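Protein chains in written order, with my numbering: chain A, 56 to 371; chain B, 56 to 371.
Note that these hints are calculated values from the structure, not bench results. Here the structure is a predicted model, which is why all the values come from computation and not from measurement. Any given hint could be a false lead.
Identical chains blur together in the list; that is why a pair holds if it fits in one copy or across any two.
Said to hold, decoys possible - DSSO-like mimics (lysine-lysine), calculated; alpha carbons at most 27 Å apart, straight line: (1) Lys349 / Lys204; (2) Lys57 / Lys204; (3) Lys286 / Lys271.
2 protein chains.
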Amino acid sequence: MKYIGIDLGGTGIKVGVVDEDGTILLKLSAPTGVERGHEAVIHDMAQLTLQAIEQSGVPMEEIDSIGIGIPGIYDIQRNIVPFCTNLFWHEVPLVQLMQKEIDKPVYVGNDASVAGLGETFAGSIRGVKDSVFVTLGTGVGGGVVLDGKLFTGHYGVGTEIGHMIIVAGGEMCTCGNTGCWERYASATALIRMGVEAMRSHPDCLIAKEAEGDESKVTGKLVIDCVRQGDKIAARAFDQYVYYLCVGLTTLVNAYDPEVIVLGGGIAGAGQILLDAVNEKLPGMIFCKKMPYAKIVLATLGNDAGIIGAALLGRAQ
Amino acid sequence: MKYIGIDLGGTGIKVGVVDEDGTILLKLSAPTGVERGHEAVIHDMAQLTLQAIEQSGVPMEEIDSIGIGIPGIYDIQRNIVPFCTNLFWHEVPLVQLMQKEIDKPVYVGNDASVAGLGETFAGSIRGVKDSVFVTLGTGVGGGVVLDGKLFTGHYGVGTEIGHMIIVAGGEMCTCGNTGCWERYASATALIRMGVEAMRSHPDCLIAKEAEGDESKVTGKLVIDCVRQGDKIAARAFDQYVYYLCVGLTTLVNAYDPEVIVLGGGIAGAGQILLDAVNEKLPGMIFCKKMPYAKIVLATLGNDAGIIGAALLGRAQ
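Build the full structure now, drawing on both the sequences and the hints.
So, in structure tokens, the structure goes:
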């Protein structure tokens, strides 16, 4: 059988025809055009899916199911998208509307969560049963796979691991709380730490590389400065890695997974990030005499969303 | 069938013969005598079990299995108790030694975790499939039940929820980290907050009730002062409830359980605690438009450990 994986984002729709091993046979994309309302978006998504199937040459009867990763939450009790900020959606019966145009089973999951499922089936941790996937991007998202299945929590809200509170009373978060992990471990957080370093040390390499312009500071720029041996950048990165490890410690102590996969923009730093985490984390976890989750980097990149969504059907 | 539940603590061994509904038919106890070494303790535990079975009148062939809750971690990969601080145990093959004396299947779990399993089967949340049990005692422990089964994590370390970090850089914890939840939500924490209140307001009701003696401040004393309308005590309690809710928020955002059960000494405060949590928590959780875990109080009290341990066998 083959599976359709759809990565639905605020700017683009990506559709892939995926085989049982998680290989993408064909991929199409189109702009989302959120301003047109959910019916137009879902119609385009269905049309793009039919096109992808046709172009792939896979007969319709060989398509098992359609999986969709959305940038929000799916209410599994009511079978509805209750709200989706990036898409301006409110109470959208996504599954029913898709099935009106294509008569196949449709599964929906959170985009970061399905990306984690993708890594489990086809990426760096193929075959691992219990994993936590952490995306270190603009925010921090995550997906938990337990016994090979996507863990969605009881109400479908789990697993918003970016909103674990790690510094009660700390940085304000968009969710209304203070001190959420994503305020300290996202790319946004590393940029903030880089800018703070630049302000207090106007002669540091970060300031030089950014030409004194705070808006030019990116996570990659800070990490490049670390690679070049700049001590001020190294201190900012060390602070970032500490907070990253605080959240990883909570994940190890509370979920005790076999593997934790780091993905998203910051994971692009590669070995330098992995080395820093593996130096700091062992001293922080609760049971220092017991084995604990291996930390690895994601390998599927932007395709994880399509592959993971496709595998929502396979994992049922 | 009937089940043996053993609650093994640093001071006492409690053995119960439990039926399929989680009712204790007969209960025996003996001092642990940890200083005698693990072999003597396990031998006593086996003898107490045989006595309990005999006194209960249940024929041996009707005993399905033996479950043991230990104040530590069980290494499910190596089938061994790697260490147990309160018992001074190190690399103890508990299951094998018990089975040398009684030829029945033996299951082992963390004491707080099995207490959570007990509440799920026989206590306040009978029949609930996805729950988190939180003990608010000297420390903070917990148990997670997913789909009716005790969740132990991949290596058997999960779920040390008392060591989720909620205030990175905050209070020192015995585990070596700073800011673990148990430093802010245990009875010990409420006592600390009460003592601090007493120091800064020597005329408050806490000081009066404790007769100016800091060592007389207990969690119950602080809560009694709150009940009597003392504003300084109310402020200390409010601070405690805030930190309790910080950890509960992380549990809701990361585990998304159906129900969270509060047990342990502080839960003895009852409705006043529940009301305070239910006032603060809804504004803190991530998805304010979605249903989230109902917060309830544990009802089994000290028997939860025996009942939950007994049900380890039933839940397999």
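Here is how each hint holds up against the structure:
For the homomeric pair Lys349 and Lys204, the shortest alpha-carbon distances inside one copy (19 Å) and between copies (25 Å) are both at most 27 Å. Proximity of Lys57 and Lys204 under a CA criterion of 27 Å is satisfied intra-copy only: 19 Å inside one chain copy versus 33 Å between copies. When the C-alpha separation of Lys286 and Lys271 is checked against a cutoff of 27 Å, the pair qualifies only within one copy, where the shortest distance is 20 Å, while the shortest distance between copies is 51 Å.
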